[in-house]
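Chemist: So you can see what is in the structure, the chains are spelled out below.
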Amino acid sequence: MDNQPYVLILVLLVGAVLFALTPLLLAWVWSKKFSPRKPGPIKNATYECGLESKGDAWIQFKAEYYLYAIIFLIFDVETIFLLPFAVSFTGLSVGAFVAMIVFLLLLVEGLAWAWQKGVLTWE
Amino acid sequence: MGTTWKSSLPIRMDQGLKSELSKQGVFTTTVEELYNWGRKNSVWPLQFGLACCAIEMIATTMARYDLARFGAEVFRPSPRQADLMIVAGTVTKKMAPQVVRLYNQMPEPKYVIAMGACAISGGPFKQGYNVLKGIDRYIPVDVHIPGCPPRPEALIHAFMTLQKKIEQQTLSSEDRPRHLDPDAPSEFPIPRFGEHDLEPPSNPDVWQPPVARTA
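Taken in sequence, the protein lines are chains A and B. For the first sequence, the numbering used here gives the first residue as 1, with consecutive numbering after it. For the second sequence, the numbering used here gives the first residue as 1, with consecutive numbering after it.
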């Protein structure tokens, strides 16, 4: 042992591997001996909510709701930024004012685009 | 091998010897008892409620009634990880195929508690056109609980009854449970929607109609 200090590590390694493998082996022997495997088409089905899966997952989604997202940005989110802008308007630097105007113009462009597309017309 | 190992392997031990040893302070057990002891204290129910009985089932798992005392607090949202199906509530004919399919997808060994008047017989909707008159028409039910809805104590009692049943199951005799029998089915046929009723209206391997008395 004294001239082979790494033997101990080898012993521990073998012990660790056996510690992991023995329960697996026991479970395997148990299932072979007592508990027969019973697979079936329903049991092996992928979906597990009680309903049968049908069709394909590769379907197209309608992306029309992005219009609502844009309108929401223009009329709701913009208001949140406009209020503090108006409150601290007199104390703002020129840079902050320009940045805010750029932001507003971007949203106004979105509004013009939505108007031109006819989204604002109630049907 | 074949059938010879069953007699050679000492799975059961002499009860007289066992009690004699326990008087001397020696605890003995068998593989079968250990197996069943582990199984009965780790039954994981399927997280699955159908109607108002499910509220009582939820109450059973909460702090006041505390189903966790019996090792059954882990309600699994997937049938792959569940051992026990608590059919808690009215099984409509629309829902019955899904219940049977979920039961089929559970791994063996699996158990069923039919909870409440609806699940065991149709209950107040027995005369109706759209309610199944007992889930035991399609899947083997281990414990029936009456009540509308049964109180959490009743569900706990049913659970303890199931634990006693698991405790007494044998590993290798002729009357061993279904999951140890290679010939016993693991999947049960799923009923289909027919023109007037589910087809078939019941699984004859599981349920036979009671003989009507004509007196």
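Don't read these hints as lab results, they were simulated from the structure. On a predicted model such as this, the values are computed, not experimentally measured, just so you know. A virtual CB, placed ideally from N, CA and C, is assigned to each residue, including glycine. Keep in mind that a hint or two might mislead.
The calculated label-pair distances, taken between Cβ atoms and stated as ranges, are [stated by the list, open to error]:
(1) Glu123(A) to Pro204(B): 54 to 64 Å
(2) Arg80(B) to Phe19(A): 26 to 36 Å
(3) Lys33(A) to Glu20(B): 25 to 35 Å
(4) Gln208(B) to Ser35(A): 44 to 54 Å
(5) Val74(B) to Leu120(A): 22 to 32 Å
(6) Asn41(B) to Lys38(A): 45 to 55 Å
Chemist: Indicate, hint by hint, whether the structure satisfies it.
Modeler: Cross-check of the supplied hints:
For Glu123(A) and Pro204(B), the Cβ-Cβ distance of about 58 Å falls inside the hinted range of 54 to 64 Å, so the restraint holds. Taking the beta carbon of each, Arg80(B) and Phe19(A) are about 27 Å apart, inside 26 to 36 Å as hinted. Separation of Lys33(A) from Glu20(B) is about 30 Å and conforms to the stated range, judged on CB atoms against 25 to 35 Å. Checked against the hint of 44 to 54 Å, the C-beta distance between Gln208(B) and Ser35(A) comes to roughly 29 Å, which is inconsistent with it.
Checked against the hint of 22 to 32 Å, the C-beta distance between Val74(B) and Leu120(A) comes to roughly 53 Å, which is inconsistent with it. For Asn41(B) and Lys38(A), the hinted distance range of 45 to 55 Å is not satisfied, since their beta carbons lie about 24 Å from each other.
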